[in-house]
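Asker: Sequence:
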Amino acid sequence: MEKESDIVISQRIRNHLIEYLEYACSEERLLEYQKNAPIAQVPIELIEQWSDSFDMDGYVKGWYSPPTYTEEELQAALAFEAIINYACKNLPNITYDINEIFKMPWWPLFKKQAKITLSVFMKRGKLSNDTEELNK
Numbered sequence: 028m029e030k031e032s033d034i035v036i037s038q039r040i041r042n043h044l045i046e047y048l049e050y051a052c053s054e055e056r057l058l059e060y061q062k063n064a065p066i067a068q069v070p071i072e073l074i075e076q077w078s079d080s081f082d083m084d085g086y087v088k089g090w091y092s093p094p095t096y097t098e099e100e101l102q103a104a105l106a107f108e109a110i111i112n113y114a115c116k117n118l119p120n121i122t123y124d125i126n127e128i129f130k131m132p133w134w135p136l137f138k139k140q141a142k143i144t145l146s147v148f149m150k151r152g153k154l155s156n157d158t159e160e161l162n163k
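Quick note on the numbering used here: the sequence shown kicks off at 28 and runs consecutively.
It is possible that some hints are incorrect.
[Stated by the list, open to error] Heads up, simulated BS3-like pairs for lysine-lysine below, C-alpha to C-alpha not over 30 Å straight-line:
id : residue 1 : residue 2
1  : Lys62     : Lys139
2  : Lys30     : Lys116
3  : Lys163    : Lys62
4  : Lys130    : Lys88
5  : Lys62     : Lys116
6  : Lys139    : Lys88
7  : Lys163    : Lys150
8  : Lys88     : Lys62
9  : Lys30     : Lys130
10 : Lys30     : Lys163
11 : Lys139    : Lys153
12 : Lys153    : Lys88
13 : Lys142    : Lys130
The set of hints was computed from the structure by calculation and includes no laboratory data.
Keep in mind that this is a model prediction, so the values were computed, not measured.
Using the sequences provided together with the hints, build the complete structure.
Answerer: Here is the structure:
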């Protein structure tokens, strides 16, 4: 079996970030997720799924680099990372209901930055999960 290139793996991670942002900026989608997966702790997943695909150690090591990511995409992701960090520090002790998150004072900024970040990533849209896209 042929080893997949680092670029293809990076493209898949980028696509996951887009999918995450599509949920993070939509209260309706988050409510639907909570309804359809009652066992899921959606507020916790909202935070954790971002760090599954974007983390500062990886950023420092250069994992998020051209051609998969543009400088504008990286800056948007870093701005959203700052909001995620703020949200983590200001989460209620225990909440399993996404509606509680919607009431948090930081929620409007979180949602707004998720939309901004998504719009930056969608300038190029999703990349292939199977082949390298070096010039998109």
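Asker: The structure should be examined with respect to each hint, and the outcome stated for every one.
Answerer: Tested hints:
1. Lys62 - Lys139: Between lysine 62 and lysine 139 the Cα gap is close to 23 Å, so the pair holds against 30 Å.
2. Lys30 - Lys116: violated, 39 Å
3. Lys163 - Lys62: At roughly 37 Å apart (the allowed maximum being 30 Å), lysine 62 and lysine 163 break the hint.
4. Lys130 - Lys88: violated, 36 Å
5. Lys62 - Lys116: holds, 26 Å
6. Lys139 - Lys88: holds, 28 Å
7. Lys163 - Lys150: Given that 30 Å is the threshold and the Cα spacing comes to 10 Å, the pair holds.
8. Lys88 - Lys62: violated, 38 Å
9. Lys30 - Lys130: violated, 46 Å
10. Lys30 - Lys163: holds, 23 Å
11. Lys139 - Lys153: Judged against 30 Å, a Cα distance of about 21 Å means the pair holds.
12. Lys153 - Lys88: Holds: lysine 153 and lysine 88 sit about 23 Å apart, inside 30 Å.
13. Lys142 - Lys130: holds, 18 Å
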